[in-house]
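For the sequence shown, this note's numbering begins at 1 and goes up steadily by one.
Rather than coming from a laboratory, the hints here were simulated on the basis of the structure.
Among the hints, a few may not be true.
Below 20 Å or equal to it, Euclidean Cα-Cα: the simulated DMTMM-like pairs (lysine to aspartate or glutamate) are [stated by the list, open to error]:
no. : residue 1 : residue 2
1   : Lys67     : Asp95
2   : Lys71     : Glu109
3   : Lys172    : Asp95
4   : Lys81     : Glu64
5   : Lys67     : Glu109
6   : Lys176    : Asp62
7   : Lys176    : Asp143
8   : Lys172    : Asp143
9   : Lys172    : Glu130
10  : Lys71     : Glu103
11  : Lys84     : Glu102
12  : Lys71     : Glu118
13  : Lys89     : Glu73
14  : Lys67     : Asp153
15  : Lys84     : Asp95
16  : Lys172    : Glu103
17  : Lys71     : Asp153
18  : Lys172    : Glu64
19  : Lys85     : Glu73
20  : Lys81     : Asp95
21  : Lys154    : Glu102
22  : Lys154    : Glu103
23  : Lys172    : Glu102
24  : Lys81     : Asp62
25  : Lys92     : Glu73
26  : Lys71     : Glu174
27  : Lys85     : Glu102
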Amino acid sequence: MFENLFPGNGNSQQKAELESEKRQIAASKEMNAVNVSSAEYQSQMEDQERKVDLIKWQQEFDTESMKRKLKNEYFNMDEGKWVKKKEFKNGKLVDMPALMTEEGIAAVENAISGFVGENARNLINSSFSEKQISSSLIYTCNDIVHIFAYNYDKYFINPTPSNMTLTLRIIKNEIKPTPYRALNGFTKRQDNTAIKRVETFADHNNENKKGVLGMFA
Numbered sequence: 001m002f003e004n005l006f007p008g009n010g011n012s013q014q015k016a017e018l019e020s021e022k023r024q025i026a027a028s029k030e031m032n033a034v035n036v037s038s039a040e041y042q043s044q045m046e047d048q049e050r051k052v053d054l055i056k057w058q059q060e061f062d063t064e065s066m067k068r069k070l071k072n073e074y075f076n077m078d079e080g081k082w083v084k085k086k087e088f089k090n091g092k093l094v095d096m097p098a099l100m101t102e103e104g105i106a107a108v109e110n111a112i113s114g115f116v117g118e119n120a121r122n123l124i125n126s127s128f129s130e131k132q133i134s135s136s137l138i139y140t141c142n143d144i145v146h147i148f149a150y151n152y153d154k155y156f157i158n159p160t161p162s163n164m165t166l167t168l169r170i171i172k173n174e175i176k177p178t179p180y181r182a183l184n185g186f187t188k189r190q191d192n193t194a195i196k197r198v199e200t201f202a203d204h205n206n207e208n209k210k211g212v213l214g215m216f217a
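Input sequences plus hints: build the corresponding full structure.
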């Protein structure tokens with residue numbers, strides 16, 4: 001009954017309510033945008049964590065796998081552990097002898113030290129041409145061949161040409177991939193690109209949050 005006495009008040013109140021609703025709708029849209037952005041950010045960060053774990057795994061340049069293989073072992077996926085290879089001998093299934101003695105394996109580890117451990121981490125974060133990488137691998141393999149030639153009697157369990165060839169192949173497969181990750185600075189460029197992507201996404205997410213908070217200031 002009082003609306004008729006003060007006709008302007010109803011319009012003002014209605015206008016205020018409409019403005020309030022508009023602000024609430026706008027805030028809701030902003031919050032939804034932030035929630036979506038936050039979900040994307042969370043997904044991006046989880047993906048980045050997986051990449052970091054992968055990088056850590058890729059930079060674990062230990063020689064455990066090589067040493068196991070030189071002991072004529074293989075990783076059994078079903079059992080989840082390294083086991084000895086088997087062979088038939090005198091009608092019985094027995095463990096195969098190791099390819100090299102412990103002393104021989106230690107000599108090999110020393111010869112390839114530039115491709116494992118901390119040296120390997122420094123190596124892959126460098127930049128080399130293919131010619132430099134090839135030369136380094138050739139020199140290292142030549143050193144290993146010389147080690148075999150002068151110490152075959154104490155470094156090998158059964159120093160046959162086939163066993164020596166297999167041993168050299170195992171060692172080559174161990175060291176060859178590492179230096180090529182430094183080809184023209186490949187690893188360094190990849191890591192820098194990944195870091196920039198994460199920083200850009202984080203900055204974008206922070207800007208969205210600031211926009212929503214500004215509406216309630």
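Hints, one by one, checked against the model:
no.: 1; hint: Lys67 / Asp95; result: 16 Å, holds
no.: 2; hint: Lys71 / Glu109; result: 14 Å, holds
no.: 3; hint: Lys172 / Asp95; result: 25 Å, violated
no.: 4; hint: Lys81 / Glu64; result: 12 Å, holds
no.: 5; hint: Lys67 / Glu109; result: 9 Å, holds
no.: 6; hint: Lys176 / Asp62; result: 14 Å, holds
no.: 7; hint: Lys176 / Asp143; result: 15 Å, holds
no.: 8; hint: Lys172 / Asp143; result: 12 Å, holds
no.: 9; hint: Lys172 / Glu130; result: 17 Å, holds
no.: 10; hint: Lys71 / Glu103; result: 12 Å, holds
no.: 11; hint: Lys84 / Glu102; result: 16 Å, holds
no.: 12; hint: Lys71 / Glu118; result: 24 Å, violated
no.: 13; hint: Lys89 / Glu73; result: 17 Å, holds
no.: 14; hint: Lys67 / Asp153; result: 19 Å, holds
no.: 15; hint: Lys84 / Asp95; result: 6 Å, holds
no.: 16; hint: Lys172 / Glu103; result: 19 Å, holds
no.: 17; hint: Lys71 / Asp153; result: 17 Å, holds
no.: 18; hint: Lys172 / Glu64; result: 15 Å, holds
no.: 19; hint: Lys85 / Glu73; result: 5 Å, holds
no.: 20; hint: Lys81 / Asp95; result: 16 Å, holds
no.: 21; hint: Lys154 / Glu102; result: 10 Å, holds
no.: 22; hint: Lys154 / Glu103; result: 8 Å, holds
no.: 23; hint: Lys172 / Glu102; result: 19 Å, holds
no.: 24; hint: Lys81 / Asp62; result: 17 Å, holds
no.: 25; hint: Lys92 / Glu73; result: 18 Å, holds
no.: 26; hint: Lys71 / Glu174; result: 15 Å, holds
no.: 27; hint: Lys85 / Glu102; result: 18 Å, holds
When held up to the earlier numbered hints, the structure conflicts with 3, 12 and fits the remainder.
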